[in-house]
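Colleague: The residues making up each chain are set out below.
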Amino acid sequence: MTQTVGPTSEPEASSATQAKDVAPAAALGVGTSDVRALLTRNLRTSGIYIAFVVVVALFAILTGGTSLSPGNITNIVLQYSYILILAIGMVIVIIAGHIDLSVGSVVAVTGAVSAVLVIRQDQPWWVGVLAALATGLLIGAWHGFWVAYVGIPAFIVTLAGMLLFRGLTLQVLDNVSLSPFTSEYSKIASGFLNGLLGGNGFDAFTLLVFGVAVAAYAVSQYRTRIARVRYGQTVPSFPLFVAQIVIVAAVVMAFAYQLATARGLPIVLIILAALIMVYGVVTKRTVFGRQVYAIGGNLAAATLSGVKVKAVNFWIFVNMGFLAAVAGVVFSSRSNGAQPGAGNSFELDAIAAAFIGGAAVTGGVGTVVGAMVGGLLVGVMSNGMQLMGVDQSIQSMVKGMVLLLAVAFDVYNKRRAGSAR
Amino acid sequence: MADHILEMRSITKTFPGVKALSDVTLAVSRGEVHAICGENGAGKSTLMKVLSGVYPAGEYEGEIVFDGQVCSFSGIRDSEHAGIVIIHQELALVPYLSIAENIFLGSEKRGRFGLIDWNLANAEAGKLLREVGLDESPTTPVGTLGVGKQQLVEIAKALSKDVKLLILDEPTAALNDTDSAHLLGLIRGLKDRGITSIIISHKLNEIDAIADHTTIIRDGQTVETLDMADPTVDVDRIIRLMVGRALDSYYPERESHPGEEVLRVEDWTVKHPSQDRLVVDHASFDVRAGEVVGIAGLMGAGRTELAMSVFGRSYGTYVDGRVFMYGKEVKARNVAEAIDAGIAYATEDRKKYGLNLIDDIARNNSAAALDKLSTRGFVDANEEAKAAEEGRRSMNIKAPTVKSIVGKLSGGNQQKVVLSKWLLTDPDVLILDEPTRGIDVGAKYEIYTIINKLVAAGKAVVVISSELPELLGICDRVYTLSAGRITGQMPVAEATQERLMTLMTQEKELVG
Numbered sequence: 001m002t003q004t005v006g007p008t009s010e011p012e013a014s015s016a017t018q019a020k021d022v023a024p025a026a027a028l029g030v031g032t033s034d035v036r037a038l039l040t041r042n043l044r045t046s047g048i049y050i051a052f053v054v055v056v057a058l059f060a061i062l063t064g065g066t067s068l069s070p071g072n073i074t075n076i077v078l079q080y081s082y083i084l085i086l087a088i089g090m091v092i093v094i095i096a097g098h099i100d101l102s103v104g105s106v107v108a109v110t111g112a113v114s115a116v117l118v119i120r121q122d123q124p125w126w127v128g129v130l131a132a133l134a135t136g137l138l139i140g141a142w143h144g145f146w147v148a149y150v151g152i153p154a155f156i157v158t159l160a161g162m163l164l165f166r167g168l169t170l171q172v173l174d175n176v177s178l179s180p181f182t183s184e185y186s187k188i189a190s191g192f193l194n195g196l197l198g199g200n201g202f203d204a205f206t207l208l209v210f211g212v213a214v215a216a217y218a219v220s221q222y223r224t225r226i227a228r229v230r231y232g233q234t235v236p237s238f239p240l241f242v243a244q245i246v247i248v249a250a251v252v253m254a255f256a257y258q259l260a261t262a263r264g265l266p267i268v269l270i271i272l273a274a275l276i277m278v279y280g281v282v283t284k285r286t287v288f289g290r291q292v293y294a295i296g297g298n299l300a301a302a303t304l305s306g307v308k309v310k311a312v313n314f315w316i317f318v319n320m321g322f323l324a325a326v327a328g329v330v331f332s333s334r335s336n337g338a339q340p341g342a343g344n345s346f347e348l349d350a351i352a353a354a355f356i357g358g359a360a361v362t363g364g365v366g367t368v369v370g371a372m373v374g375g376l377l378v379g380v381m382s383n384g385m386q387l388m389g390v391d392q393s394i395q396s397m398v399k400g401m402v403l404l405l406a407v408a409f410d411v412y413n414k415r416r417a418g419s420a421r
Numbered sequence: 422m423a424d425h426i427l428e429m430r431s432i433t434k435t436f437p438g439v440k441a442l443s444d445v446t447l448a449v450s451r452g453e454v455h456a457i458c459g460e461n462g463a464g465k466s467t468l469m470k471v472l473s474g475v476y477p478a479g480e481y482e483g484e485i486v487f488d489g490q491v492c493s494f495s496g497i498r499d500s501e502h503a504g505i506v507i508i509h510q511e512l513a514l515v516p517y518l519s520i521a522e523n524i525f526l527g528s529e530k531r532g533r534f535g536l537i538d539w540n541l542a543n544a545e546a547g548k549l550l551r552e553v554g555l556d557e558s559p560t561t562p563v564g565t566l567g568v569g570k571q572q573l574v575e576i577a578k579a580l581s582k583d584v585k586l587l588i589l590d591e592p593t594a595a596l597n598d599t600d601s602a603h604l605l606g607l608i609r610g611l612k613d614r615g616i617t618s619i620i621i622s623h624k625l626n627e628i629d630a631i632a633d634h635t636t637i638i639r640d641g642q643t644v645e646t647l648d649m650a651d652p653t654v655d656v657d658r659i660i661r662l663m664v665g666r667a668l669d670s671y672y673p674e675r676e677s678h679p680g681e682e683v684l685r686v687e688d689w690t691v692k693h694p695s696q697d698r699l700v701v702d703h704a705s706f707d708v709r710a711g712e713v714v715g716i717a718g719l720m721g722a723g724r725t726e727l728a729m730s731v732f733g734r735s736y737g738t739y740v741d742g743r744v745f746m747y748g749k750e751v752k753a754r755n756v757a758e759a760i761d762a763g764i765a766y767a768t769e770d771r772k773k774y775g776l777n778l779i780d781d782i783a784r785n786n787s788a789a790a791l792d793k794l795s796t797r798g799f800v801d802a803n804e805e806a807k808a809a810e811e812g813r814r815s816m817n818i819k820a821p822t823v824k825s826i827v828g829k830l831s832g833g834n835q836q837k838v839v840l841s842k843w844l845l846t847d848p849d850v851l852i853l854d855e856p857t858r859g860i861d862v863g864a865k866y867e868i869y870t871i872i873n874k875l876v877a878a879g880k881a882v883v884v885i886s887s888e889l890p891e892l893l894g895i896c897d898r899v900y901t902l903s904a905g906r907i908t909g910q911m912p913v914a915e916a917t918q919e920r921l922m923t924l925m926t927q928e929k930e931l932v933g
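Protein chains in written order, with this note's numbering: chain W, 1 to 421; chain U, 422 to 933.
Keep in mind the hints are simulated off the structure, nothing from the lab.
Among the hints, a few may not be true.
Here are the in silico distance ranges between beta carbons for each label pair [stated by the list, open to error]:
hint, chain 1, residue 1, chain 2, residue 2, range
1, W, 221, U, 698, 55 to 61 angstroms
2, W, 400, U, 761, 36 to 42 angstroms
3, W, 277, U, 741, 27 to 33 angstroms
4, U, 821, W, 227, 20 to 26 angstroms
5, W, 392, U, 754, 52 to 58 angstroms
6, U, 821, W, 247, 26 to 32 angstroms
7, W, 281, U, 745, 39 to 45 angstroms
By construction, the Cβ of each residue, glycine as well, lies at the ideal position given by its N, Cα and C atoms.
Start from the sequences, fold in the hints, and give me the full structure.
Modeller: Here it is as structure tokens:
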């Protein structure tokens, strides 16, 4: 503001007083925020965590604690891992403003390719895995080509893909189921790492792995905090910061203890955790992730900011194809074979997980962690209702209502935010 | 007094924070062609929206008397029922439906059992088409017709509703000369049949040729209604009345020291993306370091199209022309290449094209310069926040933190985020498209101050604006653009609002 001021300085003066009205803490650059502010500001994202806690508690009470028993928790992880893997890719697709209806069929065809190689042609397990992943990448490139470079809406492209790859599955399998896999292959989804360090009624190795993970989490959070303070940014107050870490550590270690007293550390959980971490970083920290949000938030603005929209859209679908193949491997391993009808309606579960987890129908909003919690929420609910012996028909209706209400909440939130503008 | 078909008395319409119309009075005689003139944003469209019920009775003050009755329309249906039909600049036809289907959309010809009687509809449509002189079958899909013929379909549609007062908003803006001439002839024909027309137009020669009276609106107020039969009334007088605004906004002073040439555009020619017409026609301009150059043009002159197509060909189909930066030709075929070449373009409609409204200031700020804030594909969130913090401070963006959601900021602060975003790309030339549209006076002053700081730092700035006082207040040099052509340029010392407006409304035949 060192420029010569014109005939009057009135506008300048009025703007200076306006600036004073703004929160003084923010003007200083460094400040702290309290819990309530965190929660209310992010109601859209925090709502899902609250809902998750409520659902877990509700079913723990309704089932008399069975739902939280070691065996059952292990079961939930094994049963929903492939949906969660799909949901990671799906939430990225949805953030960019697209949809993918084909993932169920892709799960089937990739599992079928793997089964033909391993079961019918006696190849080693890793040949099957690599072939499945390659198939997934090719299918993703196929979808990406039509969506990004030809400009056909993803809804149509992937609806066509859903039919196309279901048919291809039947072709590959000659209309029959293949089973069983070799024991190495089936370990991917039903194997456990345990007994490596022994233990007294529980698996010490599992606890050690989780302990190291929690420590790494605490250290990385602390380093991020230090860096943010050095840059003069707002950080939560120190007690709040510690409380956050303690709560996360307690929940994770309780979960680990339950696993340890059951069968140990499921291999598929390691795969899932690695994917969640990698994609958490991809969406939050990379240029690519940023461009995905930009495209979904305002396509025109992203284009005019130099984002290569076509390339980004293409890679989003390649990635979805890859993750669908990972899910295909896990699912074929878990079901110990390949069936023509495998993966039916998985796409709907993955889409539901993303939306329940806070992704916006219009694009631009959503997180990987949110989608995971959304998927687990559905998982815990279905599992709890199964334990209670609720009829399949009721289960389906409850799931439908939860999805509807979750998106209604999102739309309501957006409208409220819009009118406040 | 003459027989007035329409009188609008003391119309005042306020939007939150802005008085769009203030005590406007309009009297239209029965059976005349009445023109309304004014700069962009003068309030012409708002006035027509009040008249046609888009802004229902109760949302404005004042009185509308139509055909001798006080009216309070609560929607377009009411005004159409009374015999007022408005044809907007953006035609409201369904491209996949036939001419007849479009004409009777919403007032379908019903036969027995409430079913549509297509024979009757097509026959009536054929009759209407003959009246407007359109030689097409009523079953032709509207989308296959050119803009000129679509315009005639709109008029046929209006005639089907027993129109008494026809309002045409910029009817010839998208038409070529032949189609324009035909349309004007048709309006004359309607007048002979007793239909009154209100025509909003920037093409003053057309108004001169067709209107009986012309009302000039400026800054939401009626300036004067001229009788076009009066020999003292001519285009120059209309221009004087349109622009005669006092220079009441203040502009920060600046010393001008233009340096070497930064950007030069030669013979830039661009075709409309879907229609076969030139939107930008051999336009050439240049801008120097430390210089603010204005491009003055009315709506539809091709200002935004010129800027966007230069900025990585993000509009229309490139036909011809070359872009030079510091005397060296650059071929920026996409936005990323344009940014790399040192060009930045801040869009006209910041909400639609400039910002991701659901995201925060920091991420919007870095959207065009992520490569500068990242290493090996990873965004450095701390550097990003630091850059945003610097932007917030230097632009004086009023927001609690850089994590504030951009959609919740005021227009002026959003515009500052846009400027900060483009400065982060470290451009040599900034093209600012209507940088102060829709923001209050105080924020405007701040934007001008920022522009001055930029040129003081050696940047070249191009400002596109239809507000002539603004251009005269901040520019060193001004180009005028009309129908895609550069019709003149002058140093600001020689420019007056009248001179610029004359060039801005100059049509093809009159150019050199």
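Colleague: Are the hints correct? Go through all of them and say.
Modeller: How the hints compare with the structure:
Our hint of 55 to 61 angstroms for residue 221 of chain W and residue 698 of chain U holds, since their Cβ atoms are close to 60 angstroms apart. At about 50 angstroms, the beta-carbon gap between residue 400 of chain W and residue 761 of chain U misses the expected band of 36 to 42 angstroms. Checked against the hint of 27 to 33 angstroms, the pair residue 277 of chain W and residue 741 of chain U fails, with Cβ atoms roughly 52 angstroms apart. Hint check: residue 821 of chain U to residue 227 of chain W, Cβ distance near 22 angstroms, so the stated range 20 to 26 angstroms holds.
As the Cβ distance of residue 392 of chain W to residue 754 of chain U is approximately 57 angstroms, the hint placing it in 52 to 58 angstroms holds. Taking the beta carbon of each, residue 821 of chain U and residue 247 of chain W are about 27 angstroms apart, inside 26 to 32 angstroms as hinted. For the pair residue 281 of chain W and residue 745 of chain U, the supplied restraint of 39 to 45 angstroms holds, since their beta-carbon distance comes to about 42 angstroms.
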